[in-house]
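Protein chains in written order, with this note's numbering: chain E, 1 to 274; chain B, 1 to 274.
It should be emphasised that the hints constitute simulated quantities derived from the structure, not laboratory data. Check the hints yourself; a few may be wrong.
The list that follows gives simulated cross-link-like pairs (lysine-lysine, DSSO-like), each with its CA atoms no further than 30 Å apart [as the list claims (entries may be wrong)]: (1) K39(B) - K39(E); (2) K91(E) - K91(B); (3) K91(B) - K39(E).
There are 2 protein chains.
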Amino acid sequence: MSDTTVGTGRPFADAHVLTDLGDGRFRVALDDRWAIGSKAFGGLLMVLMAKAGLARLTADGAPALDPLAVSADFLRAPDLAPVELEAVPLKVGRTISSVAVRLLQDDRLMLHATVTAGVLPEGEPVWETDAGLGPEPDPDAADPSAQPGVSGLPTVCDLRYPATALPFLRGETGPPRMSGWVRPRGEEPDVLFALLSGDILPPTVFNLDGRVGWAPTVQLTALLRGRPAPGWLRVDSRSRTVSGTQFDEDVTVVDSRGRTVCQARQLALAPLQR
Amino acid sequence: MSDTTVGTGRPFADAHVLTDLGDGRFRVALDDRWAIGSKAFGGLLMVLMAKAGLARLTADGAPALDPLAVSADFLRAPDLAPVELEAVPLKVGRTISSVAVRLLQDDRLMLHATVTAGVLPEGEPVWETDAGLGPEPDPDAADPSAQPGVSGLPTVCDLRYPATALPFLRGETGPPRMSGWVRPRGEEPDVLFALLSGDILPPTVFNLDGRVGWAPTVQLTALLRGRPAPGWLRVDSRSRTVSGTQFDEDVTVVDSRGRTVCQARQLALAPLQR
Chain E
1 MSDTTVGTGR PFADAHVLTD LGDGRFRVAL DDRWAIGSKA FGGLLMVLMA
51 KAGLARLTAD GAPALDPLAV SADFLRAPDL APVELEAVPL KVGRTISSVA
101 VRLLQDDRLM LHATVTAGVL PEGEPVWETD AGLGPEPDPD AADPSAQPGV
151 SGLPTVCDLR YPATALPFLR GETGPPRMSG WVRPRGEEPD VLFALLSGDI
201 LPPTVFNLDG RVGWAPTVQL TALLRGRPAP GWLRVDSRSR TVSGTQFDED
251 VTVVDSRGRT VCQARQLALA PLQR
Chain B
1 MSDTTVGTGR PFADAHVLTD LGDGRFRVAL DDRWAIGSKA FGGLLMVLMA
51 KAGLARLTAD GAPALDPLAV SADFLRAPDL APVELEAVPL KVGRTISSVA
101 VRLLQDDRLM LHATVTAGVL PEGEPVWETD AGLGPEPDPD AADPSAQPGV
151 SGLPTVCDLR YPATALPFLR GETGPPRMSG WVRPRGEEPD VLFALLSGDI
201 LPPTVFNLDG RVGWAPTVQL TALLRGRPAP GWLRVDSRSR TVSGTQFDED
251 VTVVDSRGRT VCQARQLALA PLQR
């Protein structure tokens, strides 16, 4: 556990404090709590790249900016150790700006992202699709932090799963769909936490035949669509096609008012035992 | 109309012939048939960036590669004139390779893309979601090339719309959804045409209130999921959220066998009169 995260009670805010090295370069240590096993959690890496990109755009004189899209290639999986981020603007515009971000560990390129920035819409949407889950966890929802010896994400986020959402945990199979509720511990969700939530659920393919293992993300693009209201975020994840070793995950994150705040889709590889 | 496209009867194949300038640089002229008004059609720009990226990876010794994902920021809209493409590899791997591609016009960066490459799965999917439309156009489907004075895309692709799919054309309103069938003229669809098809339908927001105009793409990520079988491709497009000037379009392209070949999602800006 890194020094910066002790005692504030806001483990998400602490996890994305970047050290500015100047000239669009930043450093941060990856924490064993925001982790999947021995590797950094992809959702947090998305947040770090967004934050570095936005900081660089702001330094270049772009107006106050929200992330509108973050698109990343996961080239290699970072270890739980320091990483550096390098942000290079592609366009600073009046409405939309864009910046490329490289994430390196030991001078190796691990991820490459493009962050698209602008101003998130406020007010009532003209059109909004119904959310699936209700705004609060069901009374019988499962809490993964209640497991003995739990570590990682359930210790830093509040997570709840509908009683029937994870058949693989009961040794059963089902369609490649999952859902749940999530919020950061000690603070209300913001747009960066909405981004992280686009990768928070276990891989949908775990349900298909119960194979559980490393399911690396290849490409993940998240659109941010609004600033989340206080309260739980509801997350729905489903695969359209699982073919050979390749599967998609299409994740929708809806806030407590019923508004879509993140749409994330990833191409990933079905579990290989490591 | 460029010289290279006269007379072959395969306007799609002709449109993506790149001139190799060496060192990962390519040139191509944008054609007034693959156009939306006076600007280049985004779906073709995706194809050109994919092709340049794959050519560069092949030159760098990567094995035979298919596009698995193409993710692009549309920074500026290219005119119907020559463009240059510059491809720089990010990773050449055994399973997955990745390359960044810049598209320039008159030395200005117009688009930036990342192309993720690997080998498309063959054989039966483990899981496949049902396609919406049937494999062939309905008998009463509308053919936009039958309009008097038609130009642009309907002259180079076969396109059909279900009779009820485009209420905006009848001065009516409806949900932000569209669908249709498409195939290239003079050849069977390939994976690059599947990529192009992820952006082939009119903007879904035209249906919401009948506003028709320039609806620029901001970010578009397409996943390629399989090699299309011969025949028509069926395309379904829907927006989840339309909020302020920002809307998403989630497009699924299914081949004649019922297999998903492309999943494309874009963030776009609602029509502004130009």
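Hint check:
no., hint, result
1, K39(B) - K39(E), "violated, 44 Å"
2, K91(E) - K91(B), "holds, 24 Å"
3, K91(B) - K39(E), "holds, 19 Å"
Comparing the model with each numbered hint stated earlier shows that hint 1 is the single one that does not hold.
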